[in-house]
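Trainee: Sequence:
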Amino acid sequence: MDKTRVRLLPMFPFSVVCGGLELQCLRTQIALKAIGIDAELLDWNDPRAQYDILHVFGSTPNYYDICLHSRGKRRIVISAVIGARSVSRLRKLVWDGVSTLARLARTPTEHQRLRCMYHSADAVLCLNQLEADFVGVTYELPRERLHIVTAGVGEHCFSASPEPFVERHGVRDFVLFTGNIVRRKNPLMLARALAELGTKGVFIGGEVAAEKAYADSFAHFVDSNENLLWIGNLAHDAPVLASAYSACSVFCLPSASEIQSASALEAMAAGKPLILGDRPYAYQTPFELALKCRCDDTHSLKKCLTMVLKDPERYTSRLPESYTWRNVARATAAVYERILG
Numbered sequence: 001m002d003k004t005r006v007r008l009l010p011m012f013p014f015s016v017v018c019g020g021l022e023l024q025c026l027r028t029q030i031a032l033k034a035i036g037i038d039a040e041l042l043d044w045n046d047p048r049a050q051y052d053i054l055h056v057f058g059s060t061p062n063y064y065d066i067c068l069h070s071r072g073k074r075r076i077v078i079s080a081v082i083g084a085r086s087v088s089r090l091r092k093l094v095w096d097g098v099s100t101l102a103r104l105a106r107t108p109t110e111h112q113r114l115r116c117m118y119h120s121a122d123a124v125l126c127l128n129q130l131e132a133d134f135v136g137v138t139y140e141l142p143r144e145r146l147h148i149v150t151a152g153v154g155e156h157c158f159s160a161s162p163e164p165f166v167e168r169h170g171v172r173d174f175v176l177f178t179g180n181i182v183r184r185k186n187p188l189m190l191a192r193a194l195a196e197l198g199t200k201g202v203f204i205g206g207e208v209a210a211e212k213a214y215a216d217s218f219a220h221f222v223d224s225n226e227n228l229l230w231i232g233n234l235a236h237d238a239p240v241l242a243s244a245y246s247a248c249s250v251f252c253l254p255s256a257s258e259i260q261s262a263s264a265l266e267a268m269a270a271g272k273p274l275i276l277g278d279r280p281y282a283y284q285t286p287f288e289l290a291l292k293c294r295c296d297d298t299h300s301l302k303k304c305l306t307m308v309l310k311d312p313e314r315y316t317s318r319l320p321e322s323y324t325w326r327n328v329a330r331a332t333a334a335v336y337e338r339i340l341g
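Residues 1 to 341 in this note's numbering are what the sequence shown lists, from first letter to last.
Hint data in this document are derived by calculation from the structure and do not stem from the laboratory.
What you are looking at is a predicted structure, and each value in this text was computed from that prediction instead of being measured.
For every residue, glycine included, the Cβ atom is placed at its ideal position computed from N, Cα and C.
One or more hints might be untrue.
List of simulated lysine-lysine pairs, DSS-like, C-alpha gap at most 27 Å [claimed, not checked]:
1) K200 to K303
2) K200 to K302
3) K33 to K73
4) K310 to K292
5) K33 to K3
6) K302 to K292
7) K303 to K292
8) K73 to K3
9) K212 to K200
10) K200 to K292
11) K310 to K200
Taking CB as the label site, the calculated pair distances span [stated by the list, open to error]:
12) G36 to V171: 39 to 47 Å
13) A334 to P47: 28 to 36 Å
14) P320 to D52: 24 to 32 Å
15) H69 to K310: 55 to 63 Å
16) S317 to L41: 32 to 40 Å
17) D296 to G271: 24 to 32 Å
18) K310 to D38: 37 to 45 Å
19) D38 to V208: 34 to 42 Å
20) I30 to D223: 35 to 43 Å
21) H69 to V166: 12 to 20 Å
22) L197 to D46: 53 to 61 Å
Make a model of the complete structure from these sequences and hints.
Mentor: So this is what it looks like as structure tokens:
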């Protein structure tokens, strides 16, 4: 295969937002370059830019015009990262009906613009089968354009030592939570469950301005419980973060809404058992062995914590090395090769 020229477009400029979706874009770019693909972030200001594939990350109608203007000039790949609680043909019929009425009023809906965007793409990458089914049914996209390409983890996550984290924070064999301190991820419910059980817990993640009141409540509760530690945010590539996964005994993310948790994948790479929220994302590969708790029920969470702490091996499944970023890049490059013919 000749050296393929790919330009990647994140959902937001990194200087404005650098969340999970933007990190997926950045890590994909780095991994693609490592296997010999000419992969760079799109330069908005270069009218002479020459490239073979435009790879956009995220499902936003803001990409609608970009995809339509790019169609026919180069191949288009979309990493959907749209998520799905369920696949419903009834939902599609309702959205189609609303879009028809809006079209008559010359006011296109988000559903209509996303449908046009997906249909302009040569390939749509989905993180799991649920997401692929959702995009295929909801937007009537042919199955041959849908490809499952998981998120990845750094190779260092498979072999990190617990010692750097233990030396810095003086704690090991704890329940670990990583993620933003926001209501949908339920860190406060987890903190309360751990306090009632008398179990050590470590929380890694930053607060979000829109949910400062929730983060303040969480901080107050953690500060009043000596078994709980909130470290705050860590860079995604910080060695001490990988060390935290290695030092913990259980990873717990009782989230009510995820697509494919990168944190859970990193914990699996470290060989740790998982507790996830009882939502469709938690039943997708590779989370089959994870314990699932109800996302609004502290008693359910405490029961799961007790079960996994009693017999962690029963709920542990080591992440295959096919999930390293290098292998994810190879899977992505195979899609590029296929659509370029």
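Trainee: Against this structure, judge whether each hint is valid.
Mentor: Hint by hint, here is what the structure shows:
{"no.": "1", "hint": "K200 to K303", "verdict": "holds, 16 Å"}
{"no.": "2", "hint": "K200 to K302", "verdict": "holds, 13 Å"}
{"no.": "3", "hint": "K33 to K73", "verdict": "holds, 23 Å"}
{"no.": "4", "hint": "K310 to K292", "verdict": "holds, 16 Å"}
{"no.": "5", "hint": "K33 to K3", "verdict": "holds, 10 Å"}
{"no.": "6", "hint": "K302 to K292", "verdict": "holds, 11 Å"}
{"no.": "7", "hint": "K303 to K292", "verdict": "holds, 10 Å"}
{"no.": "8", "hint": "K73 to K3", "verdict": "holds, 18 Å"}
{"no.": "9", "hint": "K212 to K200", "verdict": "holds, 24 Å"}
{"no.": "10", "hint": "K200 to K292", "verdict": "holds, 20 Å"}
{"no.": "11", "hint": "K310 to K200", "verdict": "holds, 15 Å"}
{"no.": "12", "hint": "G36 to V171: 39 to 47 Å", "verdict": "holds, 42 Å"}
{"no.": "13", "hint": "A334 to P47: 28 to 36 Å", "verdict": "holds, 31 Å"}
{"no.": "14", "hint": "P320 to D52: 24 to 32 Å", "verdict": "holds, 30 Å"}
{"no.": "15", "hint": "H69 to K310: 55 to 63 Å", "verdict": "holds, 58 Å"}
{"no.": "16", "hint": "S317 to L41: 32 to 40 Å", "verdict": "holds, 35 Å"}
{"no.": "17", "hint": "D296 to G271: 24 to 32 Å", "verdict": "holds, 30 Å"}
{"no.": "18", "hint": "K310 to D38: 37 to 45 Å", "verdict": "violated, 52 Å"}
{"no.": "19", "hint": "D38 to V208: 34 to 42 Å", "verdict": "holds, 35 Å"}
{"no.": "20", "hint": "I30 to D223: 35 to 43 Å", "verdict": "holds, 38 Å"}
{"no.": "21", "hint": "H69 to V166: 12 to 20 Å", "verdict": "violated, 53 Å"}
{"no.": "22", "hint": "L197 to D46: 53 to 61 Å", "verdict": "holds, 56 Å"}
Consistency note: the structure conflicts with the earlier hints numbered 18 and 21.
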